[in-house]
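Visitor: These protein sequence lines are chains A and B, in that order. If you're matching positions, the first sequence starts at 1 in the numbering used here and goes up one per residue. If you're matching positions, the second sequence starts at 1001 in the numbering used here and goes up one per residue.
There are no misleading hints in this set.
Residues from chain B shown here face chain A by an in silico Cβ test under 10 Å; the list is partial:
no.	residue
1	L1012
2	V1013
3	I1014
4	T1036
5	L1050
6	V1051
7	C1054
8	K1056
9	A1077
10	S1089
11	V1092
Derived by calculation from the structure, the hints in this document are not laboratory data. From the three backbone atoms N, C-alpha and C, an ideal C-beta is built for every residue, glycine too.
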Amino acid sequence: MNKKALKTVFLDTVPVLTGYLFLGAGFGILLAEQTGKGVLWAFFMSVFMFAGSGQYLAVSLIANGTSLLSSAIAMFLVNARHIFYGISLLGTYKGAKAKPYMIFGLTDETYSLVTQNQPPEGMSKHKYCFLVTLLDHIYWITGCTLGNLAGHLIPINFEGVEFVLTALFVTMFVEQWLTHKNHLPAIIGVASTVLCLAIFGSEIFLIPSMVMIAVLLTVTRKTGRRRTDV
Amino acid sequence: MYDIALIAVTALVIAATRFIPFLIFGEKREIPPLITYLGQVLPFAIMGMLVVYCLKDVKFLSAPFGAPELIGCAIVALLHLWKRNSLLSIGVGTVAYMIMVQLIF
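This is chain A alone, in the form it adopts within the complex (with noise of 0.2 Å):
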């Protein structure tokens, strides 16, 4: 694997490495003062949730001391929209070698970059979602652990540096929008979780926005479909 390939692979990842530092970071600190728990629940968290938001519920989860079973319908309503990602990478994934892993560390910034980006050249898909997942991974256990260590020790105030996960999300939106004509299924996306958000309020509002989604993508599809008949 060649040298230019590989940094291709990690400038497509820094805002990501940005993002995950301070709240992989924002996540250690919050076990620690939350829980008093250290660095190995940190450690063992990230490895095996890699999740952001899940393992900020976990710890309030763990906090409040809620019972199995609650503890495990609220995670999942956090984190169904990975039904989503699955969905539209069964074919990108079919056949690749680490897929059991890829798949376990599909998280939204790692959805991202898989479905927009292409790989470098001479590099196939595979390998390219393998490594954008490992490095994701590899950053989000080194913000965690490294912020439940000495979060505490920065001195500098890095508030509002959470934002550079919604800017990745907003030029991933942009670049789909300028590169693709049917603007539909991002019209139905937005407006459907703006309206869904503002009936179920931000604890549940994202099954129903899936559902609406789904819906309203099927429908639209059939209309299309009717019109190429004609």
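Place chain B on chain A using the hints.
Guide: Chain B in isolation, oriented as in the chain A frame:
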């Protein structure tokens, strides 16, 4: 023990959300056309969903009315429309947002 059990259970739930589609539509099974179609158009809808998801806890009804987030997103989007350089759009937008929440709002 409870803590370890909780982490194990929630880690399994998270992994399940990621594995479910692949378990249902395995390597060998034919993927139904509707699912293939959804797989093609979902990335566009999901990116919109994720942007809204990131802004879900912003309070638009009280000061500063989500101004740092909206201005931040506008900077990222406009800069990206202009230069189409992802790192530049993300970097400038994030720094601008940090300045806004730390010094202005």
